[in-house]
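Student: Can you make the complete structure from the sequences, with help from the hints?
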Amino acid sequence: MADLRIDLAGIKSPNPFWLASAPPTNSGYQVQRAFEAGWGGAVWKTLGEPILNVSSRFAAVSYNGQRVAGFNNIELITDRPLEVNLQEIYETKKRFPNHAIIVSLMVEPKQEKWHEIVKKVEDVGVDGLELNFGCPHGMAERGMGSASGQVPELVEKQTYWVKEVARTPVIVKLTPNITDITVTAEAATRGGADAISMINTINSLAGVDLDTWNTVPHVGGKGAHGGYCGPAVKPIALNMVAECARNPSINVPISGIGGISNWQDAAEFMLMGATGVQVCTAAMHHGFSIVEDMIDGLNNYLDDKGIASVMDLVGRTVPRYSDWGNLDLNYKIVAEINNDVCINCNKCHIACEDTSHQCIDLYTESGRPMLKVREQDCVGCNLCSIVCPVDGAITMVERKSAIAPMTWNERQSLISNLAK
Amino acid sequence: MDSMTSQLQRNFVELTNRMTKNEALEEANRCLYCYDAPCIKACPTSIQIPNFIKKIASGNMKGSATTILEANPIGASCARVCPTEELCEGACVLNASTKPIKIGHLQRYATDWAMESDAQLFSKGQSNGQKVAIIGAGPAGLSAARDLSRFGYSVTIYEAESKAGGLGSYGIVSFRLPNEVVDWEVEQIAKLGVDIKTNTTVGIDISAEAILEQYDSVILAVGMGAVPNLRIEGEELAGVHDAIEFVKQTKMGALTKDLVGKRVAVIGAGNTAIDGATCAVRLGAENVKILYRRTQKEMTAYKFEYEFAKQDGVEFNWLTAPQKIIGDEAGQVVGIECVKMKLGEVGADGRQRPEVVEGSNFIIKVDAVIKAIGQTRFVSLIEAFGLKHTDGVVDIDETTMQTPNKKVFACGDVVFGNGQGEAMVVTAAQQGKDAAQMIHNRLKKPSELA
Numbered sequence: 001m002a003d004l005r006i007d008l009a010g011i012k013s014p015n016p017f018w019l020a021s022a023p024p025t026n027s028g029y030q031v032q033r034a035f036e037a038g039w040g041g042a043v044w045k046t047l048g049e050p051i052l053n054v055s056s057r058f059a060a061v062s063y064n065g066q067r068v069a070g071f072n073n074i075e076l077i078t079d080r081p082l083e084v085n086l087q088e089i090y091e092t093k094k095r096f097p098n099h100a101i102i103v104s105l106m107v108e109p110k111q112e113k114w115h116e117i118v119k120k121v122e123d124v125g126v127d128g129l130e131l132n133f134g135c136p137h138g139m140a141e142r143g144m145g146s147a148s149g150q151v152p153e154l155v156e157k158q159t160y161w162v163k164e165v166a167r168t169p170v171i172v173k174l175t176p177n178i179t180d181i182t183v184t185a186e187a188a189t190r191g192g193a194d195a196i197s198m199i200n201t202i203n204s205l206a207g208v209d210l211d212t213w214n215t216v217p218h219v220g221g222k223g224a225h226g227g228y229c230g231p232a233v234k235p236i237a238l239n240m241v242a243e244c245a246r247n248p249s250i251n252v253p254i255s256g257i258g259g260i261s262n263w264q265d266a267a268e269f270m271l272m273g274a275t276g277v278q279v280c281t282a283a284m285h286h287g288f289s290i291v292e293d294m295i296d297g298l299n300n301y302l303d304d305k306g307i308a309s310v311m312d313l314v315g316r317t318v319p320r321y322s323d324w325g326n327l328d329l330n331y332k333i334v335a336e337i338n339n340d341v342c343i344n345c346n347k348c349h350i351a352c353e354d355t356s357h358q359c360i361d362l363y364t365e366s367g368r369p370m371l372k373v374r375e376q377d378c379v380g381c382n383l384c385s386i387v388c389p390v391d392g393a394i395t396m397v398e399r400k401s402a403i404a405p406m407t408w409n410e411r412q413s414l415i416s417n418l419a420k
Numbered sequence: 001m002d003s004m005t006s007q008l009q010r011n012f013v014e015l016t017n018r019m020t021k022n023e024a025l026e027e028a029n030r031c032l033y034c035y036d037a038p039c040i041k042a043c044p045t046s047i048q049i050p051n052f053i054k055k056i057a058s059g060n061m062k063g064s065a066t067t068i069l070e071a072n073p074i075g076a077s078c079a080r081v082c083p084t085e086e087l088c089e090g091a092c093v094l095n096a097s098t099k100p101i102k103i104g105h106l107q108r109y110a111t112d113w114a115m116e117s118d119a120q121l122f123s124k125g126q127s128n129g130q131k132v133a134i135i136g137a138g139p140a141g142l143s144a145a146r147d148l149s150r151f152g153y154s155v156t157i158y159e160a161e162s163k164a165g166g167l168g169s170y171g172i173v174s175f176r177l178p179n180e181v182v183d184w185e186v187e188q189i190a191k192l193g194v195d196i197k198t199n200t201t202v203g204i205d206i207s208a209e210a211i212l213e214q215y216d217s218v219i220l221a222v223g224m225g226a227v228p229n230l231r232i233e234g235e236e237l238a239g240v241h242d243a244i245e246f247v248k249q250t251k252m253g254a255l256t257k258d259l260v261g262k263r264v265a266v267i268g269a270g271n272t273a274i275d276g277a278t279c280a281v282r283l284g285a286e287n288v289k290i291l292y293r294r295t296q297k298e299m300t301a302y303k304f305e306y307e308f309a310k311q312d313g314v315e316f317n318w319l320t321a322p323q324k325i326i327g328d329e330a331g332q333v334v335g336i337e338c339v340k341m342k343l344g345e346v347g348a349d350g351r352q353r354p355e356v357v358e359g360s361n362f363i364i365k366v367d368a369v370i371k372a373i374g375q376t377r378f379v380s381l382i383e384a385f386g387l388k389h390t391d392g393v394v395d396i397d398e399t400t401m402q403t404p405n406k407k408v409f410a411c412g413d414v415v416f417g418n419g420q421g422e423a424m425v426v427t428a429a430q431q432g433k434d435a436a437q438m439i440h441n442r443l444k445k446p447s448e449l450a
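So the sequence lines, in the order shown, correspond to chains S and X. Position 263 (the first sequence) corresponds to 263 in our numbering; numbering is contiguous. Position 383 (the second sequence) corresponds to 383 in our numbering; numbering is contiguous.
Just so you know, these hints were derived from the structure itself, not from any lab. Heads up, none of these hints are tricks.
To give an idea of the interface, some chain X residues facing chain S are shown, with a C-beta separation under 8 Å as derived from the structure:
#1 Lys-21
#2 Tyr-35
#3 Asn-51
#4 Lys-54
#5 Lys-55
#6 Gly-59
#7 Asn-60
#8 Gly-63
In silico SDA-like pairs for lysine to any residue, Cα to Cα no more than 20 Å straight-line:
#9 Lys-21/X x Gly-392/S
#10 Lys-305/S x Thr-66/X
#11 Lys-21/X x Ile-386/S
Quick reminder that beta carbons are idealized off the backbone N, C-alpha and C, glycines included.
Tutor: Laid out in structure tokens, this is it:
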């Protein structure tokens, strides 16, 4: 039984699975149900000046019949009175003293507004704060959320204001709606952030109804962009986490968010540098009980790997993530097709022929259709193995290079040295 | 090995293949992960089905197998023998929209992983000093033993046969349930420290009194016995078989070649009759007829078993009752004399009573007869424990599994019948778990000891 406890910038929780600040953490009733189901922590849905919400808020993208491949929302921060939320936070913490309760906050970019809300929230007893500089819709039009989060100076300044009064760890939640997330991440650390979390949702429009020509979703015939999340955004989020994790000037823990649906996703984020993860869409799709397999699966995985504590997983793949210029130009892999397993759909052939390097030949042997890779022309792009529907039919295998490893950067420096 | 022997052996190889990884993942991801899922409620052992399926989807195979076997110690057997159309799969909400999840196949996929990985999923509980004897190492007895051992009891099982497993080892046809599966389940239970004494018949090798004296609690899980006599002429002839014994022989190694090219009549139309008939077909019989004195409507075999038998080429002769088995000079079966029946008044069991059509006698030429008209009860053993019974069905308090003797519990087929429940392997497993839980509850509340 591995130790699943985490310590993220001083915030301790019994396991790395937190519910992200979102509809699932709107009330004490919900957060308490989540803790009963096994969630290790919850980031309370963002508190701020109460707002008004619209009707029709969510939309999802199905992909080839798979529901909720991606999820889009235009719901804003909490629409419940601050006092009600604070009372419920107090009661929840009292009932679950060992679970992490982090409260998400969003106010106008004014020092006194931040001071006021931080004090109020910390007074009821929370484990940490998360500053919402990421919400891309609605609030951003009022200068908050991602409107703040896209301006490094505003991120730094507001973080600083919070840190002036905060007694609990401060996590800054970053928006992905920016060219280089490490810039705002660095700004947050300059402002004194104890941790950063990412990603918030990505600007999105889920679709258009081809009969009514309304947007999806729409509010009485009119739409506005929402925030995209769910499994579809995972690769984007994973890269942003990794870029921050490998950046030497961002030396704070990361809470990973974005499309995490099971223990495997969580383990990947942790390997890429996240100390814990936050989940929303998967819980909205299936209910809180999904955390049971997250815990059980992660525990079995760690046991299998002989890892005693989940904290030992954090960042293990970060040293293997780098710039393109540091990749070995002489490393070579090629595709190998096992005709005994192949079911002859020919998808690899046409993918290679039409869209890659024309190196998979179709031929017949004793009347049987076969496929073969011309290795000398194969660039090892992986496309054939990606489109192959059968396990074990195409394997990418390494071919030892006769030439010593050399990266682009090494090559360029060698050339410039020779020129001297 | 001659070609006939290898042909017969092929006939007894497990019929269905394990899902491939692709198939399992596709199917697992199709599961809706319902809340308050009807499949769980339809499972007599209440396996958390959506959870084990989600774990297959997430690659948590150990977790998946544990979820299944936690709820059902013989979950690998049940994956193969449960009438899933009547249980979990029949309850799947997708029946109403597309097609139900193949829960049985997924359960097999996960438990096969456990069998092959040889992972130790459960461990013996800390000893509480209590000793329990279980009579019978079938599905009920094994399930009770597994849970009691986890609770910390010292458990001894007494089994008359040479192998543990009961129905799984001797009664379920190999092409549905290969021996390796049951052997593995027994091994898991033995690994928890359960002492399984095979070749030990209670009443011969050890007395009921000695057991009652030596143990704190006793679970009677002896199942049922041989097929009763038809009470017609010719039952002693060579070529007349008891279906239970007939199936058992096919599970014990060498497959007989005596039925190759022969004509076989099976008397009865329950699931055991189907087993006898399909085994006969697989042993090379040229023609196999099921003779039943009622009609398809009254038959107790599951619909899928009936379909399966028909696909194996078994003929069904309804409203046909045997009157006499005819032998030749050498005492070998050569035919069976039958009489046509018709359905009359509705009887006490709600079914129309079959009545003889006078003068309708006719003879069917057969070389073998397999009797499958139910099973006898171990009445003398039940009485040796001083237990009350109704026609061999032990009287119990159905909520506590307790007999009037407070330290003796009973579960499995020995308590089935007379309108009490249905004799499924999975139900026996649940009753075994229940008996274990009841014994444990009683220990936890000593004040309630009688």
